[in-house]
Amino acid sequence: QQQVKQSPQSLIVQKGGISIINCAYENTAFDYFPWYQQFPGKGPALLIAIRPDVSEKKEGRFTISFNKSAKQFSLHIMDSQPGDSATYFCAASDSGTYKYIFGTGTRLKVLA
Amino acid sequence: KAGVTQTPRYLIKTRGQQVTLSCSPISGHRSVSWYQQTPGQGLQFLFEYFSETQRNKGNFPGRFSGRQFSNSRSEMNVSTLELGDSALYLCASSLPSPTGELFFGEGSRLTVL
Numbered sequence: 002q003q004q005v006k007q008s009p010q011s012l013i014v015q016k017g018g019i020s021i022i023n024c025a026y027e028n029t030a031f032d033y034f035p036w037y038q039q040f041p042g043k044g045p046a047l048l049i050a051i052r053p054d055v056s057e058k059k060e061g062r063f064t065i066s067f068n069k070s071a072k073q074f075s076l077h078i079m080d081s082q083p084g085d086s087a088t089y090f091c092a093a094s095d096s097g098t099y100k101y102i103f104g105t106g107t108r109l110k111v112l113a
Numbered sequence: 120k121a122g123v124t125q126t127p128r129y130l131i132k133t134r135g136q137q138v139t140l141s142c143s144p145i146s147g148h149r150s151v152s153w154y155q156q157t158p159g160q161g162l163q164f165l166f167e168y169f170s171e172t173q174r175n176k177g178n179f180p181g182r183f184s185g186r187q188f189s190n191s192r193s194e195m196n197v198s199t200l201e202l203g204d205s206a207l208y209l210c211a212s213s214l215p216s217p218t219g220e221l222f223f224g225e226g227s228r229l230t231v232l
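Quick note, the sequences are listed as chains A and B, same order. Heads up: the first sequence begins at 2 in the numbering used here, then just goes up one per residue. Heads up: the second sequence begins at 120 in the numbering used here, then just goes up one per residue.
In short, the hints are calculated from the structure, not lab data. We put the beta carbon where it would ideally sit given N, CA and C, even for glycine. Any given hint might turn out to be false.
[Claimed, not checked] Here are the computed lysine-lysine pairs in the BS3-like style, where the Cα-Cα straight-line distance is at most 25 Å:
1. B/K132 x A/K43
2. A/K6 x A/K43
3. A/K6 x B/K132
[Claimed, not checked] Over the 10 Å line for every Cβ pair with chain A, so calculated as not near, a few chain B residues:
4. G135
5. S141
6. R182
7. S205
Chain A with its partners taken away, still in its complex shape (with noise of 0.2 Å):
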C-alpha cells in the first residue's frame, strides 16, 4: 500500500515531442505528489508538485495531470529538448509522516 508504481522504465523521445510518464498509488493518505529530475552524478530536484485538489498543473513545459479517482498522476514534457535527458522520479507524500515514497524512475532520452 506504500509503493508508487511509475512506467515505464526508459523511454526515447524525439526533439520536439512529448514525453509522458506515469505513476499509480494505493495509500489514498498521500496529499502531495512531487516529480523529481536527477541528471548523472547529481542529486534529484524538485521539478513540478501536486496536491490532490486539483487536477492540472502546468509549468512551462511540464504539467502534472492528477486523477484521484483512479489514484494515477503523470509527468507530461512538452516540446521534450536533448537537455532533458535525465532520470524522473514521482514521489508520494503523506504529510503527516515526514517521508516520500519514490516511484523506481524513468530513464529519458530525448534525440536531438
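Starting from the known structure of chain A, arrange chain B on it as the hints suggest.
Chain B only, in chain A's frame:
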C-alpha cells in the same frame, strides 16, 4: 547559499565493516532525510530528523542508524556491511514543513566488496 554537502563522495568498504556518512544541510534547514538509491529500486526512505529527533524511519534493518546534531548536521551509520548495502546514499534537507521541498546533496556512493 551553499547546497547540501555530503561527505565522503565515494568510499569502498569490505563486508563486515562499518561506515559513517555525513550530511551538512542548507543553512536554516532543520529537517534532514536520508534515502538509499539503487538501480531498479529508486529511492528508499531511511529516516528523517528534525531538531535532533527522529520523526520517521523506513523499513531498513537495525544496522542502519542515524543521528542529528544541534547544528542540524546529520550522520548515518551502517554497521556490519553487506554486499547489498552498495548504493548511493542521498541526504536531503528541507524547511520544517510536512511537504517541504527536498533539497538533495550529490550523495555518497558506497561500494561493499
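Structure-based check of each hint:
| no. | hint | result |
| --- | --- | --- |
| 1 | B/K132 x A/K43 | holds, 22 Å |
| 2 | A/K6 x A/K43 | holds, 23 Å |
| 3 | A/K6 x B/K132 | violated, 32 Å |
| 4 | G135 | holds, 29 Å |
| 5 | S141 | holds, 15 Å |
| 6 | R182 | holds, 19 Å |
| 7 | S205 | holds, 17 Å |
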